[in-house]
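The listed protein sequences correspond, in order, to chains X and B.
At position 39 of the first sequence the residue is numbered 39 (the working numbering), and the sequence of numbers has no breaks.
At position 313 of the second sequence the residue is numbered 313 (the working numbering), and the sequence of numbers has no breaks.
Keep in mind the hints are simulated off the structure, nothing from the lab.
Wrong hints could be hidden among the right ones.
Since copy identity is lost for identical chains, a pair holds within one copy or between any two.
Said to hold, decoys possible - Result set (DSBU-like, lysine-lysine): computed pairs, CA atoms no more than 30 Å apart in a straight line:
#1 K142 x K202
#2 K14 x K179
#3 K207 x K261
#4 K142 x K254
#5 K14 x K254
#6 K142 x K179
#7 K14 x K132
#8 K14 x K261
#9 K179 x K261
#10 K202 x K152
#11 K14 x K202
#12 K142 x K261
#13 K152 x K207
#14 K132 x K179
Number of protein chains: 2
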Amino acid sequence: MIGSGRGIINEAGKYFDLDRRVMVVTDSGVPEDYAATVVRQSSSGHLHVIPQGEGSKSFPYLERLLSHMLEERFDRHDCVVAVGGGVVGDLAGFAASCYMRGIDFCNVPTTLLSQVDSSIGGKTGIDLCGNKNMVGSFYQPKAVLIDPDTLKTLPAHEMRCGYAEAVKMALTCDSDLFKIFEENGQDSHTDEIITRCLAIKKGVVEKDERESGLRRVLNFGHTIGHGIESVTGLRHGECVALGMIPMCGNDLRKRLVRVLKNLGLETGITCDTDAVYSAILHDKKTDGGLIETVRVDVPGSFRFESVRPGELQELISLIAE
Amino acid sequence: MIGSGRGIINEAGKYFDLDRRVMVVTDSGVPEDYAATVVRQSSSGHLHVIPQGEGSKSFPYLERLLSHMLEERFDRHDCVVAVGGGVVGDLAGFAASCYMRGIDFCNVPTTLLSQVDSSIGGKTGIDLCGNKNMVGSFYQPKAVLIDPDTLKTLPAHEMRCGYAEAVKMALTCDSDLFKIFEENGQDSHTDEIITRCLAIKKGVVEKDERESGLRRVLNFGHTIGHGIESVTGLRHGECVALGMIPMCGNDLRKRLVRVLKNLGLETGITCDTDAVYSAILHDKKTDGGLIETVRVDVPGSFRFESVRPGELQELISLIAE
Chain X
1 MIGSGRGIIN EAGKYFDLDR RVMVVTDSGV PEDYAATVVR QSSSGHLHVI
51 PQGEGSKSFP YLERLLSHML EERFDRHDCV VAVGGGVVGD LAGFAASCYM
101 RGIDFCNVPT TLLSQVDSSI GGKTGIDLCG NKNMVGSFYQ PKAVLIDPDT
151 LKTLPAHEMR CGYAEAVKMA LTCDSDLFKI FEENGQDSHT DEIITRCLAI
201 KKGVVEKDER ESGLRRVLNF GHTIGHGIES VTGLRHGECV ALGMIPMCGN
251 DLRKRLVRVL KNLGLETGIT CDTDAVYSAI LHDKKTDGGL IETVRVDVPG
301 SFRFESVRPG ELQELISLIA E
Chain B
1 MIGSGRGIIN EAGKYFDLDR RVMVVTDSGV PEDYAATVVR QSSSGHLHVI
51 PQGEGSKSFP YLERLLSHML EERFDRHDCV VAVGGGVVGD LAGFAASCYM
101 RGIDFCNVPT TLLSQVDSSI GGKTGIDLCG NKNMVGSFYQ PKAVLIDPDT
151 LKTLPAHEMR CGYAEAVKMA LTCDSDLFKI FEENGQDSHT DEIITRCLAI
201 KKGVVEKDER ESGLRRVLNF GHTIGHGIES VTGLRHGECV ALGMIPMCGN
251 DLRKRLVRVL KNLGLETGIT CDTDAVYSAI LHDKKTDGGL IETVRVDVPG
301 SFRFESVRPG ELQELISLIA E
């Protein structure tokens with residue numbers, strides 16, 4: 001089940017059985033109070049803190065978490081709760097999916113990015129040799145509890161990154177949602193943005209859990225975005241924002257640039273565009289074949305278009321400054 | 001699909017698509033020729049050899065295998081083939097289940113134990129801090145290819161262990177199969193034994209993939225068996241053989257002992273029975289509650305019976321020498 005509402009974290013036990021051994025996983029960047037709130041509601045709560053950052057999505061931290069569960073004698077009726085952003089959710093979800101071949105998992109996302117996107121859909125995983133999400137599972141949480149109150153403590157750049165993914169969903173699937181951003185209404189409509197994004201993500205994932213078809217629409221902006229991400233030090237959401245721009249029709253592109261500027265996001269790159277291009281080819285392992293892109297001409301609609309690698313260079317040039 | 005037949009390993013590519021990147025996983029105790037036979041049939045075959053023994057079911061070997069696949073640029077359309085016994089199948093199956101969140105897996109079991117039991121059912125996993133199969137997944141192989149010819153090279157003690165699991169299935173589910181053993185016909189009826197066991201295991205697992213009900217019948221002999229296994233240096237099959245004896249009714253117990261002696265298996269223990277008892281309690285994490293056992297009075301039938309921990313001591317004493 002997916003529950004959302006201000007203060008819902010204080011009632012987590014109403015939505016997900018905490019009357020058992022509960023391993024609450026959080027990271028050093030999340031206010032301690034959030035995880036503690038969940039631990040307090042459990043009859044046998046344990047806290048597991050990982051360092052903030054992508055480096056925690058790795059085998060050493062996975063093994064450490066699983067060993068902690070084993071030490072506390074967790075059995076197959078016990079559970080894992082993630083309290084934090086995407087890194088915490090991905091690691092904790094993967095650990096839950098493979099401890100004793102799978103125990104209950106509850107996700108309490110506390111960043112906008114994870115609230116509108118990564119907490120829904122059942123993707124878990126860790127990185128391998130610098131390759132993101134190379135090892136993991138499809139594993140649905142028993143509950144996702146979204147508390148917009150936790151965003152009060154979120155740094156501005158994290159909010160921007162979350163909005164970028166929300167704009168992605170707006171452009172491809174919900175023209176009314178895009179209107180909120182065009183009218184600069186994001187800060188007064190955060191709850192509605194979250195609710196609309198959840199509905200979109202849920203709908204797409206239910207139709208295509210294993211990403212063989214429709215779910216690929218969620219990759220809008222991600223092809224070039226991932227290329228920029230591996231070349232620059234920019235954050236994921238910032239890169240997705242940039243990656244969407246070339247994938248819009250001419251008219252819409254101007255509207256999108258205005259929205260992104262308004263959110264405080266970059267709309268052009270100064271890095272080496274050839275390096276971005278090479279990174280994309282490496283990422284996609286194309287071996288010379290076509291690369292699928294998602295295109296949007298009118299907000300709320302999209303189409304898949306396969307392009308030759310060379311055409312990607314032209315697209316990237318649209319955001320070169 | 002499950003395919004069985006003498007020489008089937010030479011035609012693996014007919015049953016499972018090998019025209020792609022294929023990581024063939026085997027161990028140092030398996031005749032090299034078996035894995036090489038599969039590699040040769042692939043358009044892009046790679047060999048990954050792990051050391052023989054339970055120690056390979058661990059995080060370091062899992063990470064090494066996954067890294068090997070990444071180095072060879074495996075993508076989600078490529079696959080893993082296990083050629084060997086249970087250790088190889090468990091590790092390779094788990095790696096296949098989590099590489100890029102799951103790629104195709106084919107199991108080619110080459111021991112009797114894995115042919116009659118572990119290759120079917122979709123359990124994968126590794127050990128953690130000395131605890132068996134603590135981390136893993138339920139992941140069905142796309143194909144299981146069983147070639148009884150590979151048993152020609154199997155050491156006698158490995159054959160005995162496989163027969164022990166076959167006797168387990170005979171006692172609980174197939175009285176005709178038990179007759180083969182009572183008539184000392186196992187060596188002339190190996191193919192039939194394998195076929196019958198496959199049918200039993202497949203039937204049980206299909207009805208209860210996640211081991212919440214019926215599948216627990218496959219634990220017949222395993223409660224006391226696991227206890228003996230952790231106290232002595234005996235092999236899994238040898239311990240299951242011992243563990244079945246106290247779980248049979250009086251008449252059947254005598255018949256079972258004759259069958260096991262005939263197979264060259266032990267029918268009594270000289271180790272400390274209190275240590276066996278403690279190991280069971282630790283294994284089951286009972287905290288004083290009841291322990292479920294599987295009982296057989298008439299071959300081909302079984303019942304579940306929950307006992308107080310103390311009653312287990314009496315049962316163990318039935319095999320003390």
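When the structure is checked against the list of hints, which entries are broken? Sort them ascending.
2, 3, 4, 5, 6, 7, 8, 12, 13, 14
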